[in-house]
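Q: Sequence:
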Amino acid sequence: MTVDVVAVNGAQSFSPNPATLPSGQRIVWHNVDTITHRVVLNDGTLDTGNLGPGASSAPMAIVGAGAPYHCSIHPEMIGSINQATANPGTCQGAYCD
Numbered sequence: 013m014t015v016d017v018v019a020v021n022g023a024q025s026f027s028p029n030p031a032t033l034p035s036g037q038r039i040v041w042h043n044v045d046t047i048t049h050r051v052v053l054n055d056g057t058l059d060t061g062n063l064g065p066g067a068s069s070a071p072m073a074i075v076g077a078g079a080p081y082h083c084s085i086h087p088e089m090i091g092s093i094n095q096a097t098a099n100p101g102t103c104q105g106a107y108c109d
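Numbering (the numbering used here), first residue to last: 13 to 109.
Calculated from the structure, these hints are not laboratory results.
Since this is a predicted model, take the numbers as computed values, not measurements.
A couple of the hints might just be wrong.
To be verified - The following label-pair restraints were derived from C-beta to C-beta distances:
(1) THR46 - VAL75: 25 to 35 Å
(2) GLU88 - GLY36: 26 to 36 Å
(3) THR46 - ALA96: 28 to 38 Å
(4) PRO80 - GLN37: 11 to 21 Å
(5) SER84 - VAL44: 25 to 35 Å
(6) GLU88 - ASP59: 11 to 21 Å
(7) SER35 - GLY64: 25 to 35 Å
In this text, a Cβ means the ideal position worked out from N, Cα and C, and glycines have one as well.
When you get a sec, could you build the whole thing from the sequences and use the hints?
A: So, in structure tokens, the structure goes:
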């Protein structure tokens, strides 16, 4: 999944926001702005490093749900990642209705 870094504008700084990350997928931040940004999870477990205009982060795994993040250069830029739940599929077996 790719999240675009759009501009310095609060919760509208990232698109999509919140991002819903399917289980098992990694996330990439792509800077479509004209200035440098650096995305970090609020708990400090992820840091993209500086992303210049047009740059993308390496694909990163997110553990857990509801991960808030921000730009460490522009702290007013905020976002969050929700973890999508896996589809339980069709019940098969003796205990299914």
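Q: Confirm or reject each hint.
A: We went through each hint and held it up to the structure:
| no. | hint | in the structure |
| --- | --- | --- |
| 1 | THR46 - VAL75: 25 to 35 Å | holds, 32 Å |
| 2 | GLU88 - GLY36: 26 to 36 Å | holds, 32 Å |
| 3 | THR46 - ALA96: 28 to 38 Å | holds, 32 Å |
| 4 | PRO80 - GLN37: 11 to 21 Å | holds, 19 Å |
| 5 | SER84 - VAL44: 25 to 35 Å | violated, 18 Å |
| 6 | GLU88 - ASP59: 11 to 21 Å | holds, 18 Å |
| 7 | SER35 - GLY64: 25 to 35 Å | holds, 31 Å |
Consistency note: the structure conflicts with earlier hint 5 alone.
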